[in-house]
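K.L.:
So you can see what is in the structure, the chains are spelled out below.
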Amino acid sequence: MNLAVKDIKHNLGRFTLTAVGIGMLLMVVMGMGGIYRGIIEDATLLIDKIGADIWVVQHNTRGPFAEISRIPQNIDYRTLAIPGVVSARKFVQHTIQRSYQNKRLRMTVVGLDWPVDKGKWLPLVAGRILNQNHYEMVADRSLGMALGAKIKLGKDTYKVVGITSNMISSGGDGIGFFTVNDALDIQFNTPAEAIRLERAARGVRLRKSDQGLKQPGLIEYAYQESNQLPALESPRVSAVMLSIAPGASPEQISSIIAGWNDVSVFTREDERQLLLKGSVEKVRRQIGLFRALLTIISAIIMALILYTLTLDKLHSIALLKLIGASNWMILKLILQQAIVLGMLGFGIAYLLGQKIFPRFPRRVILSDDDLVQLALIVIAISVVSSFLGIWKAMKVAPNEALN
Amino acid sequence: MKTYGSGNTEVQAMQDASMNVAHGEIVALLGPSGAGKSTFLTAIGLINLPTSGRITIDNQLVVIGPQPMVNLKIFRRKHLGFVFQKSNLIPFLSARENVQIAIEINGFKPRAARKRALQLLDELGMDSRADNFPSMLSGGQQQRIAISRALANRPAVILADEPTAALDSHLGRQVMELFRDLAHKHGTAVIVVTHDQRSLDVFDTIYEMEDGIIKPMH
Ligand SMILES: Nc1ncnc2c1ncn2[C@@H]1O[C@H](COP(=O)(O)OP(=O)(O)OP(=O)(O)O)[C@@H](O)[C@H]1O
Ligand SMILES: [Mg+2]
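Listed in order, the protein sequences are those of chains A and B. With the first letter of the first sequence counted as 1, position 290 gets the number 290 in our numbering; the numbers rise by one all the way through. With the first letter of the second sequence counted as 1, position 81 gets the number 484 in our numbering; the numbers rise by one all the way through.
It is worth saying that the hints were derived from the structure and are not from the lab. Please read these numbers as outputs of a predicted model, since none were measured by experiment. Mixed in with the good hints, there may be bad ones.
30 Å max Cα-Cα, derived BS3-like pairs, lysine-lysine [as the list claims (entries may be wrong)]:
#, chain 1, residue 1, chain 2, residue 2
1, A, Lys9, B, Lys512
2, A, Lys6, B, Lys618
3, B, Lys518, B, Lys476
4, A, Lys332, B, Lys518
One-sided excerpt, in silico: chain B residues whose CB lies under 7 Å from chain A [as the list claims (entries may be wrong)]:
#, residue
5, Thr442
6, Thr445
7, Ile447
8, Asn451
9, Met472
10, Lys476
11, Arg479
12, Arg480
13, Ile493
14, Leu496
15, Ala505
16, Glu507
17, Phe511
18, Ala515
19, Leu581
For the chain B half of the interface with chain A, some residues (derived, Cβ under 8 Å), not all of them [unchecked claim]:
#, residue
20, Tyr407
21, Phe495
22, Glu500
23, Ile504
24, Pro513
25, Phe536
26, Arg552
All residues carry an ideal CB built from backbone N, CA and C; glycine is no exception.
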């Protein structure tokens, strides 16, 4: 006869409630672990998906994710000259906060070097990648924009042609993918009036300068669009990403670029670490510590619950001893119940989590490793707390049944 | 002899407590509250060993003072059956299971144990209540289950501490007669602590205990 099963059957209601209680507690622990994983995954997803082997950024910065980086656009031509570099893509990233349909819209704008990079690597859930150099965007689902929606950013209106999922910046904002040119336009959008004033100012400056006085013909140039002026540089990009040939050594190529005095260079793994050790570090540690605390507290609560469960049975245990039950029989009763409760709680936590976590604004990732780890912790708690109970049960004298 | 505690709180619960009980004999132990009756019974029951003295059961010297001569747990299981004032059933087991578990503990397979449990319940007229839990049974019914359990392993000695205290006089009498039949038909030695004066006629011998001293009553 299995005493543990008999007891559970007889106190089914109470047992179920306890299991549900433990389940909810474990769900919170599980969720906290999932949020932690989610933050790490989200932070590095873009770096992993975009598939660059080497990142060239502004000299002495840790950009473009951990801090702002600005480099001249023409770096891509210089890097392409290095043997082993297969492709060089310009990369632009900045975060804007505008309004969309009368709601606040925070979006990280990422520029893709169209047509070299049309966004084939984007994890699309709907629509298509960028088909033209202007006025199209691929929006992350978390931005809440529908396929075909239009949004005015600066002077121009952009149409959502594709939707991705889980593409989120390290700050937690959904990413909108544009061409590099559009991304720069959005960032450096200057009102027409400002442009007119700047052109006028350029003319005035030139007229006053030596050069303007000697060559009045130049003054006409000053009133032209800025990107037609050889003397003005085009807007800077955040970084240039390199893909290298199969067989080529990223270290070797990096060391060549590191010799240039105007840029810094990082490998993909460097970039991941910069992010995890940099901007995400504090959030990660905060949640990591909270998760550890939560695990410890749940362990204590679970141990108490299981211990009380044993205390409730002390009279029965004394009675069993009185009629000659072996210690093993009593140990089995306590241990089996604890493990059944623990595993049941774990199952409930998992099922509840599957229903609830997807509703969270950011990803909650239940990785197999984390689940296995938690399951082991639960079993350990069950065993340890039953030993507390068993220790108490072993001390029970048979004549306690008589009181 | 049995001494509880020491110094100021010392209590001499048993001073001169000797008793010889033969197979098939049913014995009553009377006495006022605090006389040491329960102490005596739990000492023979090997639950609460005496401070000094000897206990011999089934021709085997079991205890010398607080020193056990045998494995008490196994000995208790094989040779002794207990019935107490409160029925002391395991609440999460049915009537049948309460009896069955005692038989299983003695090494029987569940199937055989179940059969014997039902047999015992039948003997005590409780077969119709086999699947009820203790909370659904009356005090007298619970006591009969407890007696079935005490009989489970055909013990040489049955020890009962005020087994009828929770029962009305009619039921109490029935239980006492049951004990007598057990003693006379199965050769079990039965020791019953009781306050119930009306059932004294079922006993072969009656002892009285006062201030830790046991004397035969005439
Ligand atoms: N565990 C104990 N520790 C200390 N003293 C005890 C203990 N158990 C019993 N006593 C004392 O020993 C004496 C005898 O107690 P016991 O329980 O044997 O009496 P009893 O004859 O069974 O009384 P009742 O008829 O009320 O059940 C009492 O004075 C009691 O206070
Ligand atoms: Mg008593």
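K.L.:
All hints, please: hold or fail.
P.N.:
The hints, checked one at a time:
no.: 1; hint: A/Lys9 / B/Lys512; verdict: 22 Å, holds
no.: 2; hint: A/Lys6 / B/Lys618; verdict: 46 Å, violated
no.: 3; hint: B/Lys518 / B/Lys476; verdict: 25 Å, holds
no.: 4; hint: A/Lys332 / B/Lys518; verdict: 24 Å, holds
no.: 5; hint: Thr442; verdict: 10 Å, violated
no.: 6; hint: Thr445; verdict: 6 Å, holds
no.: 7; hint: Ile447; verdict: 13 Å, violated
no.: 8; hint: Asn451; verdict: 5 Å, holds
no.: 9; hint: Met472; verdict: 17 Å, violated
no.: 10; hint: Lys476; verdict: 6 Å, holds
no.: 11; hint: Arg479; verdict: 6 Å, holds
no.: 12; hint: Arg480; verdict: 3 Å, holds
no.: 13; hint: Ile493; verdict: 5 Å, holds
no.: 14; hint: Leu496; verdict: 6 Å, holds
no.: 15; hint: Ala505; verdict: 5 Å, holds
no.: 16; hint: Glu507; verdict: 6 Å, holds
no.: 17; hint: Phe511; verdict: 11 Å, violated
no.: 18; hint: Ala515; verdict: 12 Å, violated
no.: 19; hint: Leu581; verdict: 19 Å, violated
no.: 20; hint: Tyr407; verdict: 12 Å, violated
no.: 21; hint: Phe495; verdict: 4 Å, holds
no.: 22; hint: Glu500; verdict: 6 Å, holds
no.: 23; hint: Ile504; verdict: 6 Å, holds
no.: 24; hint: Pro513; verdict: 6 Å, holds
no.: 25; hint: Phe536; verdict: 7 Å, holds
no.: 26; hint: Arg552; verdict: 7 Å, holds
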